[in-house]
Amino acid sequence: RKEVEQDPGPFNVPEGATVAFNCTYSNSASQSFFWYRQDCRKEPKLLMSVYSSGNEDGRFTAQLNRASQYISLLIRDSKLSDSATYLCVVENFNKFYFGSGTKLNVKP
Amino acid sequence: EAGVAQSPRYKIIEKRQSVAFWCNPISGHATLYWYQQILGQGPKLLIQFQNNGVVDDSQLPKDRFSAERLKGVDSTLKIQPAKLEDSAVYLCASSFGLSGEGQPQHFGDGTRLSIL
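From first to last, the protein sequence lines are chains X and L.
Take the position in the first sequence, starting the count at 1, then add 190; the result is the number in my numbering.
Take the position in the second sequence, starting the count at 1, then add 63; the result is the number in my numbering.
To be clear, the hints were calculated from the coordinates, so they are not data collected in a lab.
Accuracy of the hints is not assured; some may be wrong.
[Claimed, not checked] Label-pair ranges, simulated between beta-carbon atoms:
1) P298(X) to K125(L): 47 to 53 Å
2) S243(X) to N115(L): 33 to 39 Å
3) S216(X) to Q113(L): 19 to 25 Å
[What the hints assert, rightly or not] SDA-like mimics (lysine to any residue), calculated; alpha carbons at most 20 Å apart, straight line:
4) K235(X) to D172(L)
5) K232(X) to V152(L)
6) K134(L) to K107(L)
7) K232(X) to S150(L)
8) K232(X) to Q143(L)
9) K107(L) to V117(L)
10) K192(X) to L123(L)
11) K235(X) to G160(L)
12) K232(X) to V117(L)
13) K192(X) to N87(L)
14) K192(X) to G160(L)
15) K293(X) to D267(X)
16) K235(X) to H169(L)
17) K232(X) to L109(L)
18) K107(L) to K269(X)
19) K285(X) to S150(L)
20) K293(X) to A207(X)
21) K269(X) to K297(X)
22) K107(L) to D197(X)
Since we're looking at a predicted model, the values are computed, not measured.
Note that CB positions come from ideal geometry on N, CA and C, so glycine has one too.
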């Protein structure tokens, strides 16, 4: 079983839509959680950390459910510029485990 | 704050040749990572250093790949001899190094390697 699993998508949504991605992880002792964004042919860039109480950054909301071992990312009012691959990352004792990414296409 | 620096950005070599990549992490970051990312997949860890010591190299193909971080700062990754399946982007990342404190990794631009 993979450490981190994500739906590869693609998710094709119109501008202004709300879209949500989930990511499951296998190690219940995992300590930190992150969402990264990766544009085509670019390096992954930190989008946001995921805190136990959930957190929001503008149009982006991240949630952590330890009991069910998943994290989620919600994007409201999608913009064309949100089109990218979203990588779920789980940290355990300073080792980072990556999902294979969920591709989002936002269309006019 | 300067980010993670990598060079070269692109490299094209023939199979069986050798190649080396360089990475300079963010100042003060104790942990340095090398990843291989094949198109359509998430990054795969090759090796992780804590200062100048190796923490994890379980997925490094040691018959052809080697890496060092002699002074605990910058690092080199070498492939010798290269195979066609080594065509990928090689990403270097660094983190402050304290587990469980929510310290994320920061990535360099990567080196895109093509094997002919």
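Here is what the structure says about each hint:
no.	hint	result
1	P298(X) to K125(L): 47 to 53 Å	holds, 49 Å
2	S243(X) to N115(L): 33 to 39 Å	holds, 38 Å
3	S216(X) to Q113(L): 19 to 25 Å	holds, 24 Å
4	K235(X) to D172(L)	holds, 10 Å
5	K232(X) to V152(L)	holds, 10 Å
6	K134(L) to K107(L)	violated, 25 Å
7	K232(X) to S150(L)	holds, 16 Å
8	K232(X) to Q143(L)	violated, 26 Å
9	K107(L) to V117(L)	holds, 16 Å
10	K192(X) to L123(L)	holds, 18 Å
11	K235(X) to G160(L)	holds, 18 Å
12	K232(X) to V117(L)	violated, 27 Å
13	K192(X) to N87(L)	violated, 30 Å
14	K192(X) to G160(L)	violated, 24 Å
15	K293(X) to D267(X)	holds, 17 Å
16	K235(X) to H169(L)	holds, 7 Å
17	K232(X) to L109(L)	holds, 19 Å
18	K107(L) to K269(X)	violated, 30 Å
19	K285(X) to S150(L)	violated, 24 Å
20	K293(X) to A207(X)	holds, 15 Å
21	K269(X) to K297(X)	holds, 8 Å
22	K107(L) to D197(X)	holds, 18 Å
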